[in-house]
Amino acid sequence: MEVSYLSAGKQLPSSNKLIPLTPFYDDFGIIRVGGRLKNSIFPESQKHPILLPKTDHVVNLIITDYHLKLHHAATSPSSSQREILDSLSPRCS
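Numbers 1 to 93, taken from the UniProt record's numbering, label the letters of the sequence shown in order.
The set of hints was computed from the structure by calculation and includes no laboratory data. As the structure is a prediction and not an experimental result, all values here were calculated from the model. Quick reminder that beta carbons are idealized off the backbone N, C-alpha and C, glycines included. Hints may contain errors.
Claimed, not checked - DEER-style ranges, computed between Cβ atoms:
id, residue 1, residue 2, range
1, N60, M1, 20 to 26 Å
2, I19, L61, 16 to 22 Å
3, T22, D56, 20 to 26 Å
4, Q11, I41, 27 to 33 Å
5, P13, L37, 21 to 27 Å
6, D26, D56, 16 to 22 Å
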């Protein structure tokens, strides 16, 4: 639903759980988190992380890969790796 609204340039319904994240399509058609950081000096990937669905198979594979590469570390190291992935659920592994 979110993809169809955003791709058509429409606003999401006020009841949508993504509203607080101010989602938008970037120049490459990727849905990112919006917000007030757009004028900051941070890199684009930190200012506007990519939104990924928490139930997507590929997202789960990426998170599992990081978890294994970190030798089954606790959630803190895995969370630091989420600078790349801003999943809809903070602990979705």
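Do the hints match the structure? See the list:
1. N60 <-> M1: 20 to 26 Å: Holds: the Cβ-Cβ distance is about 21 Å, inside 20 to 26 Å.
2. I19 <-> L61: 16 to 22 Å: violated (28 Å)
3. T22 <-> D56: 20 to 26 Å: For T22 and D56 the Cβ distance comes to about 21 Å; the hint holds.
4. Q11 <-> I41: 27 to 33 Å: holds (29 Å)
5. P13 <-> L37: 21 to 27 Å: holds (25 Å)
6. D26 <-> D56: 16 to 22 Å: holds (18 Å)
Going through the hint list in order, the structure does not satisfy hint 2, though it satisfies all others.
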